[in-house]
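Engineer: Here is what each chain is made of, one letter per residue.
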Amino acid sequence: GDSVTQTEGQVALSEEDFLTIHCNYSASGYPTLFWYVQYPGEGPQLLFRASRDKEKGSSRGFEATYDKGTTSFHLRKASVQESDSAVYYCALSLTGYQNFYFGKGTSLTVIP
Amino acid sequence: ETAVFQTPNYHVTQVGNEVSFNCKQTLGHDTMYWYKQDSKKLLKIMFSYNNKQLIVNETVPRRFSPQSSDKAHLNLRIKSVEPEDSAVYLCASSSDWGNYAEQFFGPGTRLTVL
Chain A
1 GDSVTQTEGQ
11 VALSEEDFLT
21 IHCNYSASGY
31 PTLFWYVQYP
41 GEGPQLLFRA
51 SRDKEKGSSR
61 GFEATYDKGT
71 TSFHLRKASV
81 QESDSAVYYC
91 ALSLTGYQNF
101 YFGKGTSLTV
111 IP
Chain B
113 ETAVFQTPNY
123 HVTQVGNEVS
133 FNCKQTLGHD
143 TMYWYKQDSK
153 KLLKIMFSYN
163 NKQLIVNETV
173 PRRFSPQSSD
183 KAHLNLRIKS
193 VEPEDSAVYL
203 CASSSDWGNY
213 AEQFFGPGTR
223 LTVL
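As given, the protein sequences belong to chains A and B, one line each in that order.
Per my numbering, the first sequence starts with residue 1, numbered consecutively.
Per my numbering, the second sequence starts with residue 113, numbered consecutively.
Calculated directly from the structure, the hints in this document are not laboratory data.
The reader is advised that the hints may include incorrect statements.
Label-pair restraints from in silico Cβ distances [said to hold, decoys possible]:
hint	chain 1	residue 1	chain 2	residue 2	range
1	B	G140	A	G29	26 to 32 Å
2	A	S83	B	N169	42 to 48 Å
3	B	E130	A	S3	31 to 37 Å
4	A	G61	B	G140	41 to 47 Å
5	B	Q126	A	G9	41 to 47 Å
Just so you know, even glycine gets a beta-carbon here, dropped at the ideal spot from N, CA and C.
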């Protein structure tokens, strides 16, 4: 079935470290892929999305490239800051209301 | 201010009670959703509502029911709460059901069932 897999449950980094959060998907059609970020006490908010193979999404120094060949949409940031501490969700959407799936989330803690 | 608003922020109740959570969006969107977020931060969609059409995730227990008075409001009622209902309930909205649409989330209502 359709699904999203995030392999990292928790990540702890120091400021200025490089971040990678892995996201792989399984979908019967051609999905749109999203990264959402959730700060404490808030709901998730869109970081960026991509809908075509090789399309790169980016925002606030984060980026990910849609790769249909490897069915991946890995999140990367070259230099994390303490303010990036949050939960990150990879998600996919297929045509239709209910075909929206979130990964299990990755909790990022950046130590100053 | 245009956003998704939820009340209350927190609610503590006992097993078997009925609870109701409110959600309002001022974004002019046509579609609204309810999600459940458990203690491990897992997000699961419960309901989608668009143009008076309600779509239910088949895994949602029947004690849960959404209630809508217009396209800007989608409340959530739980008829007889169980301990496993303790979670954060997130309301969201989007401009349509298309797969490119961004979902806008409210801050959530944290439910604790004693």
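Engineer: Now tell me if each hint is right for this structure.
Structural biologist: Hints and how they fare:
1. Range check, G140/B to G29/A: Cβ separation about 28 Å, and the 26 to 32 Å hint holds.
2. S83/A and N169/B have their C-beta atoms about 34 Å apart, which leaves the hinted 42 to 48 Å range violated.
3. In this structure, E130/B and S3/A meet the distance hint of 31 to 37 Å, their C-beta atoms being roughly 34 Å apart.
4. For the hinted restraint 41 to 47 Å between G61/A and G140/B, the CB-CB distance of approximately 31 Å leaves it violated.
5. For Q126/B paired with G9/A, a C-beta distance near 32 Å fails the hint of 41 to 47 Å.
Checked against the numbered hints given earlier, the structure breaks hints 2, 4 and 5 and satisfies all the rest.
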